[in-house]
Structure formats: structure tokens, C-alpha cells
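Chains A and B supply the protein sequences, listed in that same order.
Letter by letter, the first sequence follows residues 1 to 191 of our numbering.
Letter by letter, the second sequence follows residues 1001 to 1262 of our numbering.
These aren't lab readings, by the way, just hints derived from the structure by calculation.
By construction, the Cβ of each residue, glycine as well, lies at the ideal position given by its N, Cα and C atoms.
It cannot be assumed that every hint is accurate.
Claimed, not checked - Derived Cβ-Cβ restraints for the label pairs, each shown as a range:
#1 B:Val-1254 / A:Leu-60: 16 to 24 Å
#2 B:Ala-1070 / A:Ala-139: 31 to 39 Å
#3 B:Phe-1055 / A:Arg-173: 46 to 54 Å
#4 A:Gln-176 / B:Pro-1165: 22 to 30 Å
#5 A:Arg-173 / B:Leu-1035: 39 to 47 Å
#6 B:Asp-1238 / A:Pro-175: 48 to 56 Å
#7 B:Phe-1042 / A:Gly-91: 36 to 44 Å
#8 A:Pro-116 / B:Glu-1175: 39 to 47 Å
#9 B:Ala-1070 / A:Leu-60: 19 to 27 Å
#10 A:Leu-60 / B:Leu-1103: 39 to 47 Å
Chain by chain, the residues run as shown.
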Amino acid sequence: MKLETRTLVLIAAAIVINVVVGQLAVWVKLPLYVDAIGTVLVAILAGPWAGAITGILTNLIWGLISDPVAAAFFPVSLVIGLVAGFLARLGWFRSIGMTVAAGVVIGILSTIVAVPIIVYMFGGVTGAGTDFATAYLLAVGQELINSVAVANLGTNLVDKIVTCVIAWIIVKRLPQRFSSGFAFFGYSKAQ
Amino acid sequence: MAVARRAAPGHALLYVPGDGFLYRLNPLTKLTLVLWVAVAAFMLPTAGTWAIALFAFVTGVLAGAGKVFARRLLFTLAPLAVALFVVHGLLVDHGGRETWGPLDISHDGLAYMVRIIGRIAALLSGSLVFVTTTHPARLLKALDSHGFSPGLAYVIASPLLLLEPFSARARAIREAQAARGLDLDGNIPARLRAFPALLMPLVTLALADIDHRAQVLDGRGFRACPRRTVLDAPADSDGQKWFRRLLIATIPLVIAGRLLWL
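Hey, can you work out the whole structure from these sequences and the hints?
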């Protein structure tokens, strides 16, 4: 698989968008990650494999320059890019309603991938706010893996819906001379 | 030389400029070591992971990156330790319980907590040795000189080079919008409303010149040949090549040792 130069440049820009927008969310103190907007953007414009590459490289580069723990979650980003691309191929990013549904699917699947990493690598905790929910669910009698799954599913669903909607708004506002260069984007155009 | 420039305040990189033994090692040798540590962190018993973490920490301090190590380890491990203590020491039913004042603590849960922290400390310290002593530009030169494709080198190099100016641009946008009255410290709805005002200019900026950059790259024929020649490639030696091979060869042994004897 050889990607076009334009797609390579888009992937590089999307990695920067992921990292810097993740930083913006910290500045604004949002209780969300919103660090996969670039990945979903690439998936809609250039397809699942380009989206998956963007996701993997975002976490590995993030791990390389500032937060080595982020690298451990690269499979989650891979799934986000891959699933967003396949859903885009099926036309799920044609309308805002379908985009929200795509966010739900991506949120569920990314949680399924993230939970084993959190449980087996980090003992079920992440050092973030979701640990309070995990502890609460454990205290009321849930198993560890169920508690981690439920605690992270809530955050992930909201996060991925917001991510998909923002990416959808961005691609809809792109000038046609820009988006027409990405043939895959045809699957996400309203009919 | 840009690579040796001292990091500005708020710099996104964890790299600490220096010229010691670790800095002179080929980045691929250090990357192979990180891979070995990542496997060992999961395969070795608790004492082994703590030994790796301690060794990596001392190495980092001797390399002059003690402050970065201490800060990063503290900020990562402290919240995890608190959460692990509550979850495994108090809540998960690990057995071996004992009452300490008002707390009913599990010995086995605490042992599990120490094991997980040791594993993360080994992973974190091992990767910090690499990150603090290897500038991304040197890693890219090492990749190029070992025959990695120009396309792969570009998608790694370009974000690394763009991150600094974009982080600076994001800070400028934040200050400009705050000067216009944007509320970044209000309640959650106010902050949610503020987010697009920061996000949209930044994304527009990142996407604006993609066509131009692609045309410039194609014009220079950067993928015309499968390999690029590096003028000042990081030094490599037969000793380092054999050391890398040895590390890779011992990975299955570490895994087998765990499966057979532990």
C-alpha cells in the first residue's frame, strides 16, 4: 500500500491536530480527551488505513516526545482510525445523525480495546477522573473488569461522539477544491 | 546546531541536551533497549522490574536528566499509586486482609499494587532514558541511514517539526481569544462554548497549506528513490550492531523464562 503524497501530508497535519487539540482540551479543563479529531478527519477523507496509521503514529510520537504512557494506548487509536474509515465507507458521515451513531460505535469499540490495556497493564486504574467511578462501582460490588468497562464507557461515548461531530463539522466546512482531491471523501458527501 | 539548542520554557520535547555516553549511542540501539525493557517489564517478577526502574533512573540522573525523570515519574506514578491503593488495597477482594486503624487493607492487594507500579516505573524509566537522550532529528537520521522509506520518515519527522510552532500558535490563539473576552475558567457550558473558538482557527491553519506542501514535496521528488542518503548519520559500530542482535535474541529467552520458571 503506497499512500499519495497529499495523504501523507494530511496524516502529518492530523497528528499535529490530535496532539495540540488534546492540549487545548487540557487548557479549557474539559473532562474529555478529544485527542482523535485528526484521526477521524483522515479516516473520513482518506479511508480506514490512513486513519489507522494516523492513530498509531499519534500515540507513538506522543510517547516519544512527552508521555511514554500514551504509547501503550496505540491499539485504541488504531481501532478509532480503522472503524471511522470503515463507517465512512458505509456512508455514516453523511449526516449529523449518522455521525453521532458513528461516535457511539467508535466509543464502544475503542472501550473494548482500552479496557484490557487498563486492567492488565495498569491494574484497572489510569490516574484520571474515571478512577473515582471505577472505585465507586467496585465498592457497590462490581468485578474489576466490569467496573473499568462501565466507568470508561461513559467517558469514551461522550468523547467519541464529540470527536466525530467536530470532525464532521470540519470536513463539511472544507472548501471543495480541497476535499475534491480526496476521492474517498465521496462516500461521506450528502446525496 | 538546532539539535543541541537548550529547550525553551514550555518546550514540548522531554529531550535534555548533553554529550555523554548515552547521547553518543546510536538511537536504534537505545530503541532496541526500550523494546527489551518493555518485554521484561511484563515478564520479570516484581524485584526485576524495580531493579530495571532503579537502574534506568540512576542512568537518567547520571546523564543529567534527573529533574525530568523525577518530575515525570512523580506525576505519572503518584496518582496511579493512590488509585491502585484504593482499588486493590481496599476494594478488590485479594485476600490476606488486616485492619490498620479505620482501614481494612489487603496484603495481597498491596503486593499487586507494588507489582503494577514496578512494571509502569520500569516502562516509564526505560523509555525516558531514550526520550531524554535522543533528539527526534537524530532518530530520523538513524532511520534514514538504516533504509527506512522516505514516506515513513516524513510522517514521523513532519509532526515532530510542526508540533512546536503549532503549540506556540495555540498559545497565541488562546491569549488572543481571552483578550477578546473568551471565558476559559467558567463553568463547563462556558468552557464548552469556548472550545470551538480555540479549535477552529488551529485546525484551519493546519489544513490550509496541505496542497502546497504536497506539491513542494512532489516537486523535490522526495519519494523518487527508495532510500535517502544521510550526510551526518548517527555513528554506529559493529559492537552496537551485535549488542542489538543480542538484545533481540534474548527477548524470546526472557519470555520463555517467565513461562517455564516463574
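Q: Quick one: which hint numbers does this structure break? Sort them smallest to largest.
A: none
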